[in-house]
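Asks: Sequence:
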Amino acid sequence: MTRPDVDVAILGGGIAGLWLLARLKRAGYSALLIESAALGAGQTLASQGIIHGGLKYAIDLKLGQDSAALADMPARWRAALNDTGEIDLRGATLAAENHLFWARRTLASRVAGFFGSRLVRGRVEVLNQPAWPQALRDPDHVGAVYALDECVLDVPSLLTALAALHAGCIKAGKAQIEDRGDHVILDVAGRRIIAGHLISAAGAGNEALLSQLGLPAHAAQRRPLHQVLIGNAPAPLWAHCFDTSDKPRVTITTHRQKDGTLVWNVGGLIAENGVQQSETELIATARTEFATLLPKLDFSQSRFAGHRVDRAEGATESGHKPDGPVLQRKGRIMLAWPTKLALAPRLADLVLADLSAPSGHAQPDWADWSSPAIAPAPWETVSWR
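Add 775 to a position in the sequence shown, counting from 1, and you land on the number used in my numbering.
No lab work stands behind these hints: they were computed from the structure. Certain hints may be false.
What the hints assert, rightly or not - Restricting the straight-line Cα-Cα distance to at most 20 angstroms, the calculated cross-link-like pairs of lysine to any residue (SDA-like) are:
#1 Lys949 to His1095
#2 Lys1105 to Ser986
#3 Lys949 to Pro1147
#4 Lys1022 to His1095
#5 Lys1022 to Arg880
What the hints assert, rightly or not - Now the in silico label distances, taken between C-beta atoms and shown as ranges:
#6 Trp1141 to Asp954: 18 to 24 angstroms
#7 Trp1159 to Lys800: 51 to 57 angstroms
#8 Asp913 to Thr1060: 54 to 60 angstroms
#9 Gln951 to Ala1128: 24 to 30 angstroms
#10 Glu1047 to Glu982: 20 to 26 angstroms
#11 Ala992 to Val1050: 20 to 26 angstroms
#12 Arg998 to Asp954: 15 to 21 angstroms
#13 Ser811 to Glu872: 33 to 39 angstroms
Just so we're clear, the structure is a prediction, and the values are computed from it rather than from any experiment. Just so it is clear, CB atoms sit at the ideal spot from N, CA and C, and this is done for glycine as well.
All chains, please: the whole structure from these sequences, using the hints.
Replies: Structure (structure tokens):
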């Protein structure tokens, strides 16, 4: 067998690829991550940073396989934030200790019954009105507020922290792949790299590799969103709003622009339905939604924008969200989709379980090879209205 330059090469510098790199290095593998654009570009920085524990997916008042897949994620991420887990994320910023869940007044009793059940006991805490955040202090329209066992991370700081762990192993370039059976050759940035294994965690970029490997194109799927961004937001808020649908009516996270002003990133059903809307239509819908849900909030100084993103995933027969991470394997090449940012640790588990042992060989340092920059957050690049 040809001796590899690295045990594992990774394509894609989103959270999944960077977390995998950190796990591989801690496990003793030589590893190289290659990013063709900028770290976090696309899906990662569009993510709201919620480390789901599965309760969001029990919003239709039952717990399913996707809930089970996420159940231990908050504990694993919190351990990493304290450097008591599998990687050291002390450099990342915790935006909110708990994501909240509010029910409209007309549905409060139904939600109370579910959150009082033994299925979720200990994973939620009912908040008394004095503990409600400022944005939800409207008892005429808000019936109940719960704190979920789900933290929220600031994604730009998370990217920075992950990239800093092994900065010398993260390089820029667009790779051409050649599968040699017992190893993989990458031609990238004028270099020829031999890898023992290749893991592609490149999101939508995985689709081109599917065809190159002779795997069916329908092994991947995309589920688009049209998220609402609200600049000069009226107050900090990290919360889902429950309604009669099996999905949150809105999911709100709060971020800060470089000038310190607040930005809401709004997902949920409004972002899924917004795929069929123009930006103008989406903004009008958002204004109507918040006038209905939280009419006491003042948006008179706020600015709005739409942001489109494709959620690239491993395919399911139904076209719905997979229950967990997805791996497609061909020899020493794996195509990996985490499905949710929160599931990056679980994806790394699956990859490491399928690798041969580390070679123990030192890897080249490639000091003259440039590293990719971190992409800007969506709210830094949109045109506000």
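Asks: Would you mind marking each hint as holding or not holding in the structure?
Replies: Hints versus structure:
1. Pair hint Lys949 plus His1095 does not hold up; C-alpha atoms about 30 angstroms apart against a cutoff of 20 angstroms.
2. The suggested pairing of Lys1105 with Ser986 holds, with an alpha-carbon distance near 12 angstroms, which does not exceed 20 angstroms.
3. This hinted pair checks out: Lys949 and Pro1147 have alpha carbons roughly 11 angstroms apart, not beyond 20 angstroms.
4. Proposed proximity of Lys1022 and His1095 is supported: the alpha carbons are some 13 angstroms apart, at most 20 angstroms.
5. At roughly 18 angstroms between alpha-carbon atoms, Lys1022 and Arg880 fall within 20 angstroms of each other, so this suggested pair holds.
6. In this structure, Trp1141 and Asp954 meet the distance hint of 18 to 24 angstroms, their C-beta atoms being roughly 22 angstroms apart.
7. With their beta carbons about 40 angstroms apart, Trp1159 and Lys800 fall outside the hinted range of 51 to 57 angstroms.
8. Between Asp913 and Thr1060, the C-beta spacing of about 20 angstroms breaks the proposed range 54 to 60 angstroms.
9. A C-beta distance of roughly 28 angstroms is found between Gln951 and Ala1128, which places it inside the suggested range of 24 to 30 angstroms.
10. Checked against the given bound of 20 to 26 angstroms, the beta carbons of Glu1047 and Glu982, roughly 21 angstroms apart, stay inside it.
11. At about 21 angstroms, the beta-carbon gap between Ala992 and Val1050 stays in the expected band of 20 to 26 angstroms.
12. Evaluation of the 15 to 21 angstroms hint for Arg998 and Asp954 yields a failure: the beta carbon distance comes to about 29 angstroms.
13. The beta-carbon spacing between Ser811 and Glu872, approximately 35 angstroms, falls within the hinted interval of 33 to 39 angstroms.
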